[in-house]
Amino acid sequence: MIDRIAVLEAMKEFFAENFPNIPRDHIEAMKASDVIQQSLDLVEFVLHLEEKLGLEININTLGEKLITKTFGELADELVAIGSGSQ
Amino acid sequence: MSRYIRAIYAPLVGLRLSNQEMLDAISSWFEKLEADDAEKTSLFDFVRLLLIGNRHRYNQAGEKFLSIDGFAEHAAAFSRAVEESTSAIAAEILAEPPQQPFDAVLGVSSEGLLLPGIAELTAAKLPNLIGQTAMQMDLGNGGCTASVRAIQLVNNLSADFRNVLIVVMEPTSTLLDPKSTDRSNWQGICTFGDGCAGVWISNEPGEGALELGKLRSWRGDGIDLIRWDWGSDYYRFGIAEREQFESRVRGQVLEAMNVLQLEKEPEASWAIHPAGIMLLLSLAKKLGLPRVALEPSLSHFKACSNMSSASILHILKNILGCAKPGQPIRWLSMGAGFHVTSGSGIRV
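Chains C and X, in that order, are what the protein sequence lines are. Here numbering that gives the first Met the number 0 is used: the first residue of the first sequence is 0, the next is one more, and so on. Here numbering that gives the first Met the number 0 is used: the first residue of the second sequence is 0, the next is one more, and so on.
One chain only, chain X, in its complex shape:
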């Protein structure tokens, strides 16, 4: 049985911030940060490195995102972000609703856990499309590959699930710990942006749909590479062995590409998770992709930064919108686990 991506919903949510605006906000915050001057100077130079150039991100924690303090404020920021994201996705769905209701809704996030869950909150906003008997369930802790692994899961459901909605929300700003001087924390703050997306998967094709092909995932031995640490009052970004992080990530992804037997396919359009420009360019080289093939991923990174697992759906939506019938489309994502996932499809 074939399955199809019938629509991708990719609203932009939150406050748009440039690198310069982030740097200005962090600069002001650093004046209050409790650390000795040498440590602050060195940390601020590190932040400057991370925020070099023209790049933007969206931030759902609001203008005072560097003032989030304590568990209650972090949890409230997550709750507000989920409310904003579910509403934005529901509005896009209602603008062009499917003719059949959804048989299942899967909520995806790695940043927080609150009840009611993302699936139920979405269902409550789409009562005519998500019935009371539809399966509603959240998937957590998937990191940057969560959305594509959720698609893999749906692709393996029985034929009874004819229309499935996956809703992804990654309000990464709610994890920032402004009191910490840990570099992993600031690497996370400067690298990530907030994002959400939804994807409708159906067992019936439609105009502009993507027929799903082979979907695969791989977990390497870098279980500790990306993790959530925790600080004085909430979770925060963490990575293992900062000095070796980048080369270990590159090593894991290259190993996965061999195991997953990713082929050079110059005619395909590629969506690659924007984990970082260094990694993107290295992967393109390995895949024999010209620079132009990376443009959808690079331009997404410049416009939105790394939205964790929401990013790949935004990039795919862009690629699908430009693809001609019969166009092969590939995707590759990587993140905590350490997981690497690949997928393929053909634009109907």
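Looking at chain C on its own, in the form it has when it is part of the complex:
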């Protein structure tokens, strides 16, 4: 079972390291595609979450949600993946 807060913390940690100009207090409402605009960064983001959450994330499973959803919605998706409901 993965905690939603832990997912958001892992995301914030990634942004602190890689996108220090992003206001981390408001990431839940931000669209992923507004922040991550390079495929290498996108993959780094997914690998960071895998490592921090101990979860295998299939980019194909998340698919276009990686660019159409907000980080808050992505956190919900990852919680669902972690609980095995996806």
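These aren't lab readings, by the way, just hints derived from the structure by calculation. Take these hints with a grain of salt, some might be off.
[As the list claims (entries may be wrong)] DEER-style ranges, computed between Cβ atoms:
| # | chain 1 | residue 1 | chain 2 | residue 2 | range |
| --- | --- | --- | --- | --- | --- |
| 1 | C | GLU55 | X | SER41 | 16 to 26 Å |
| 2 | X | ALA34 | C | ALA15 | 34 to 44 Å |
| 3 | X | GLU254 | C | LYS51 | 53 to 63 Å |
| 4 | X | SER298 | C | LYS30 | 27 to 37 Å |
| 5 | X | SER298 | C | ASN20 | 24 to 34 Å |
| 6 | X | GLY69 | C | ALA15 | 50 to 60 Å |
| 7 | X | MET136 | C | ALA15 | 49 to 59 Å |
| 8 | X | SER41 | C | ALA15 | 25 to 35 Å |
| 9 | C | ASP2 | X | ARG226 | 39 to 49 Å |
| 10 | C | GLY53 | X | SER41 | 22 to 32 Å |
| 11 | C | LYS51 | X | GLU38 | 29 to 39 Å |
Built from N, CA and C at the ideal position, the CB exists for glycine as well.
Using the hints provided, position chain X relative to the given structure of chain C.
Relative to the frame of chain C, chain X by itself:
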């Protein structure tokens, strides 16, 4: 008996297209695509994901690559691409021709089959270097590992074959099916780029040559993972179990790395087939490679995308050009079969 890669020929062929240019072309095409709006929107978001960031590819099907229609147009696109690629490789060879003629020419492609074959077409362009008695043969259906498996094959030929030329052409754009809404089809269209390359293998060393070491290949149980499907009028890209594709590929490659006993060798330069950035970064982690060691593969992927089996030769050419005498060089490729191949050599 030692064998050496004496030269790699890696011309760039076709029209250079950025992700944004691809996205614009696909966006216009989607207006004509017969599908309901929700399906089109979802598919276009998927395409946007695949085309995120700065990446280019070369396209030999021309500006109207999304209008290819019917068997005849697909086959004609393949034929034109092979003509363009054999000419480009022949021109590079003639610019600095080997002193001895080739004893064999192997043509490699996974996208099409036409007669005359790639080997014969190449031979016809190099009559002074490829005699009438030289062995000329095409190898098909090797996928992204075809070029390195062809090198493995040549390395095992008898000593009678002193100079062998392998010519690889992968005009992947000729497989695109613009009428299909299948995601595998669009994943292929957005991931691949067209490419060609040649490699001269000799039993004599030369300036800047790569002495071939251990070459190995492995086939796992993912026979269905990557395949050519077929649509209304031609073959098209296909993969099994799209949802699980990536993790199954990763699993197969990691299993192969154990079987092939790939060692962490930090001083070696690595060429890794750019099947995808996720896979590249995962493999680098497993091999204990720093990010900088991935740069030749990553920069090739950004500049040319995945050229199927031509990619690894382009990356190797780049690495060889920068290598110092005595430098160990390694390569790793993976693709349909599911095959994983590894190779090693030392820059002379």
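So, going through the hints one by one against the coordinates:
no., hint, result
1, C:GLU55 to X:SER41: 16 to 26 Å, "24 Å, holds"
2, X:ALA34 to C:ALA15: 34 to 44 Å, "42 Å, holds"
3, X:GLU254 to C:LYS51: 53 to 63 Å, "26 Å, violated"
4, X:SER298 to C:LYS30: 27 to 37 Å, "29 Å, holds"
5, X:SER298 to C:ASN20: 24 to 34 Å, "26 Å, holds"
6, X:GLY69 to C:ALA15: 50 to 60 Å, "54 Å, holds"
7, X:MET136 to C:ALA15: 49 to 59 Å, "57 Å, holds"
8, X:SER41 to C:ALA15: 25 to 35 Å, "33 Å, holds"
9, C:ASP2 to X:ARG226: 39 to 49 Å, "40 Å, holds"
10, C:GLY53 to X:SER41: 22 to 32 Å, "30 Å, holds"
11, C:LYS51 to X:GLU38: 29 to 39 Å, "35 Å, holds"
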